[in-house]
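Chains as they are written, first to last, in the numbering used here: chain C, 111 to 467; chain G, 111 to 467; chain X, 111 to 467; chain D, 111 to 467.
Hints listed in this document are in silico derivations from the structure and should not be mistaken for laboratory results. Where hints are given, some of them may not hold.
Copies of the same chain look alike in the list, so a pair counts if it fits in one copy or across any two.
[Said to hold, decoys possible] SDA-like, lysine to any residue: derived pairs with alpha carbons at most 20 Å apart: (1) K256 - D380; (2) K158 - H178; (3) K115 - D136; (4) K152 - G422; (5) K253 - G165; (6) K158 - P113; (7) K256 - H387; (8) K115 - R140; (9) K229 - G405; (10) K211 - I132; (11) K253 - R397; (12) K152 - M201; (13) K253 - G394.
There are 4 protein chains.
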Amino acid sequence: MAPRKLRVAVAGLGRMGARHAINFLDRTPRAHLVAAFSPDAKELQWGKEHLEPYGVTLYDDYDKMILHEGLEAVVIGTATSVHAEEAIKAMEKDLHVLCEKPLSTSVDVCKQVVEEAKKRPHLTVMCGFSRRFDDSYRDAYAKVEKGLIGRPTILRSQTCDVHDPSGFFVDYAAWSGGVFVDMSVHDIDLTLLFFGPSIIPKRISAHGLIAVQPGLAQHSDVDNAIGIVEFHSGQIAYYYCSRMMAHGQEDVTEVIGTLGKVSVNLNPQDSLVNLYHEGGVTRGVPRDYYGRFEGAFVREANEFTRACLEGGEVRGASELRNAVTAVQIGAWLQEAMRTGRQICFDEEGRRVERAGL
Amino acid sequence: MAPRKLRVAVAGLGRMGARHAINFLDRTPRAHLVAAFSPDAKELQWGKEHLEPYGVTLYDDYDKMILHEGLEAVVIGTATSVHAEEAIKAMEKDLHVLCEKPLSTSVDVCKQVVEEAKKRPHLTVMCGFSRRFDDSYRDAYAKVEKGLIGRPTILRSQTCDVHDPSGFFVDYAAWSGGVFVDMSVHDIDLTLLFFGPSIIPKRISAHGLIAVQPGLAQHSDVDNAIGIVEFHSGQIAYYYCSRMMAHGQEDVTEVIGTLGKVSVNLNPQDSLVNLYHEGGVTRGVPRDYYGRFEGAFVREANEFTRACLEGGEVRGASELRNAVTAVQIGAWLQEAMRTGRQICFDEEGRRVERAGL
Amino acid sequence: MAPRKLRVAVAGLGRMGARHAINFLDRTPRAHLVAAFSPDAKELQWGKEHLEPYGVTLYDDYDKMILHEGLEAVVIGTATSVHAEEAIKAMEKDLHVLCEKPLSTSVDVCKQVVEEAKKRPHLTVMCGFSRRFDDSYRDAYAKVEKGLIGRPTILRSQTCDVHDPSGFFVDYAAWSGGVFVDMSVHDIDLTLLFFGPSIIPKRISAHGLIAVQPGLAQHSDVDNAIGIVEFHSGQIAYYYCSRMMAHGQEDVTEVIGTLGKVSVNLNPQDSLVNLYHEGGVTRGVPRDYYGRFEGAFVREANEFTRACLEGGEVRGASELRNAVTAVQIGAWLQEAMRTGRQICFDEEGRRVERAGL
Amino acid sequence: MAPRKLRVAVAGLGRMGARHAINFLDRTPRAHLVAAFSPDAKELQWGKEHLEPYGVTLYDDYDKMILHEGLEAVVIGTATSVHAEEAIKAMEKDLHVLCEKPLSTSVDVCKQVVEEAKKRPHLTVMCGFSRRFDDSYRDAYAKVEKGLIGRPTILRSQTCDVHDPSGFFVDYAAWSGGVFVDMSVHDIDLTLLFFGPSIIPKRISAHGLIAVQPGLAQHSDVDNAIGIVEFHSGQIAYYYCSRMMAHGQEDVTEVIGTLGKVSVNLNPQDSLVNLYHEGGVTRGVPRDYYGRFEGAFVREANEFTRACLEGGEVRGASELRNAVTAVQIGAWLQEAMRTGRQICFDEEGRRVERAGL
């Protein structure tokens, strides 16, 4: 008899939710996508075409979907504002949860999700920091773990999106939590990977500007931002996030240690092709983060499924508590940028007027 | 009701067959792996662990397997010597066929397979030239089709494997057809892609040597070979194949046109990571062709399945007749190398003592 | 009759001074090295071997050297602490001056040099920001000037030296002005190139740490530092400087505009060679800044000479007043790091408690 | 007293000759350019402007120039057809000779030069295989000498020029000796470097075509050619030369050994700049061989000068006899291509109908 498959539902069928649905439907052999939910008619129409023919039941009510018979796990890819509520509701129905990042743009709400998960240790509850499942980041991490760069000391990481002139990101800024929470949260999670999850910030500085999306001003957000987080452990991370790239997605990380360095994606590329022409030699670049990280999302789906079925940790996933820490640091960066003031902490992580030197 | 899935069997569970089995089992959503065959006890044991639990019926007799109820398609990954026979038997049972390359090391036997397929135009019968399904080759081809390099004129292509000191390739040489048939056949198929399938050789030269595998001499084979094929169309392809690489798999192609050039995989890499250390900056290289082409094999499985279910061509596949042409050119290269003599052809492709200039 | 050559003297025959001497002796066709000065016996001994045989008169007294008959120009490569004094003395003798950077670690002293130069507009007086003479930076600048990246908005620049465990840099820190003044001053000068010389800082943040040279603590300096300078013009520069690299010199600059980006030296290399070996593919990296910028120093010598002989500007040189601005910004970064406080300015560049947002 | 300088004359002030003249005038500290010759009025005019003001005496008669008082060495950059004659005349006047490659397109004439040089061992007589003076080739050679790639076994080398639609190369083909002699001669000389100067060809194959310069047919030459030289030592070199590149100069070499590989210039670049734009990431490529090898020519001038002054070998130069071997192999490749027949040799290097296998 074939080993049983995990019965999964996906909440949200927008850009990211639809990708999760397809990944769990087609590219996660041990999962069985049984249900999907969207509050949006257009998204449901997409579901009718791409999911229903394969036996997936569609819902326009989240509460009903989580009652779907035999359901074991929910993947949450709805709007950020409902992530936490949906995650908690699912846990209350004893369902495993894979929730898109961030759990919430509010640190307190993030903490509620973590608290709820602590009460149910038999459940697999994770936040979708997908870069942890990327081959290249795993390769880099393995090299660092082997000691090839000595002690990781400086981390540079950037999340840079292609410029989208449609105005989408202006509306989006109303509830995204700001660029540091929305974009750099990935780079912060990578910091927790390479420096360890228990690092305590000492001083945080951040600067930003609006270069191409004037409408962002109304939401106190920016389209280019740079921040530095200095940790009490004698380590520093610095971040750049931008929505202004002409060439495509460029998410780069460097970890600089006392004995060497690893870089990830320093030279972005969309294939192994170079075109030689009168103007020189040109290579393409992925247009968006999914072009860069598609493989990571597929692996995430598979690793989550395995853990749900077999118990134990999701191999290589970010611990759930990191989802709080990353949003917290992102929010502090955003605050430091918005107020034009550094933020300081003592060695226990309490905010103070000024950090000791 | 879910669209039905194609019922597929895999013949051969060795290195390549096992990969095909897993790909059709887990990574081809529209396929249903129902059966698998191997004449080898060890391979069958692998099948018991990895396939049987998922409902795959195992056979130690190919003839019985192709009678499996409801079977629609066979993927042939057995030893080259039985490819053609198994392909023909499958067609006789009205089964679609995806056969690993080469159909045979004998051109005549290859032709039999093609003849058999011609009789059954409703069947999808293809030879597994997997590079045609690789994203980077597709990207390169799209650029050439757009005219970005003008007329493709010179093609350089190499298939270079990591050195395997185990002696495996010495035994293998007994029946592989030689390095040009076994390895360069991929590069020749790419030539048929970029130059078109109807090109006619004019002169063929080839040279080889044994550098690290002295045992190859007994099979008149070599571990490094270089060949040139000049076509009557005013185009030249040249090939390098080697089993001596220290660093890993390095399969490179350049297509040079009158207005530009495309290169594929000029800088092999196993991830997007660079390690900076006292000796400089180092990146890894895939260890073998599957490390380089895994994605292509998965796409091949999916495209083959789609064509079987929906009819029509396998998108992007090499035409079946190319499987004859490629082996034929490979065999001529091998002959030219072995005999130390150029081989010439007239404009109809007939061998002549000397090609007109 | 051959066009006359500029009669040049070099002050200081240490690491950098000796290179200047050789460049003016051998690689600057229109210059004639007539004299050299060093207060150091060992350096003078080097001069006896490498300069004296070619007719260069050696001095152990700077004041005497600048009275050398017919002398027209002095190149100052002595210790930073005497740069300004020597530059001013040379101008007082009506000599052209090429002074190694920085003019001084004191902003006020830098200003004195500039004031002195203003009084003598017929003299060529420049500070050696050598990167301005580097082919790659010139290429990048030409692309930016052509508008290929739109408006330059974000500048990332780093100066990273190979780790020198000898303790040299600990002593050096006593008088270097700190890493931002000593190292990042180059990156700041590049900011003045790409953003324009009149940009006014709005807020400055900086962080640093000691990872490998504990002795630096006694001089309140660090071996890794990161700083951000936000300008009132809606532009941001951020810098990383380090003396901890395992692999060699890595001086990288990226200029990110509203329509594109240029990078300079993102992949440092010491030649066009790659070595393929069992561990992957490796390229070497220059060991120090001279390995990276030797060509720039030679061009600097030639351009300086041309301007002295023909009058007019030194093509491509940084304006002398930038030497003040760059040290000033470097000093502010150092202060921001040392005090753990941001530094703010109003739109006229006056320090204020807090910058308006 | 300054060490004396070598008194040098340059013959030929065309493209290459003018560069030599400038290099010996300005960039070779131990040389003193005293005279220059050209039979061409336009070239002499150039000399009047660029050389005469610096004390260089111009001649329109080679025989008179080599009688210039005190002259010690001649650099020959005239048309290939007079290289040998001029070189021999210079030696007869007891002058050192640096002759542009090739000595002649005739092997016999090349040999005469070598014979003449043998009679005068006190003279420095060299042929300008400039790549031997290139930093990257020297780096590659040092790595090979250290044993990092094991035994060099396969060499791939290409000389590819940018397409020049002016028709220049059609006229040029009348007397260039053909592409293998004119272009691949550099790659052949590199083969003599990496495989050693005593290797004996066993079989030679070559193919070519005309893709963009139809006029070449009248001179039996081509604009794209590929050749293979198999040596009795169990080594193979293969070459590609082309005058069809859209992007610029691309001279690549790979040396593949039993334990590794070195590549030189696999990714041609004209600076360390990348431009990121809507179409991807682009880098420039040198437009011509001087853009790639300028540094090598300067070093060549300096090393030649040093050897003339001090005696002994020219450090790193190709032995003079290689100039015969390289032209000889180039001529055989050209013959093999033109006749459409392989050329074979026995172990003593005598041509035979067919090489033993």
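Q) Broken hints, numbered, in rising order? A) As far as the earlier hints go, 4, 5, 9, 12 are violated by this structure, in ascending order.
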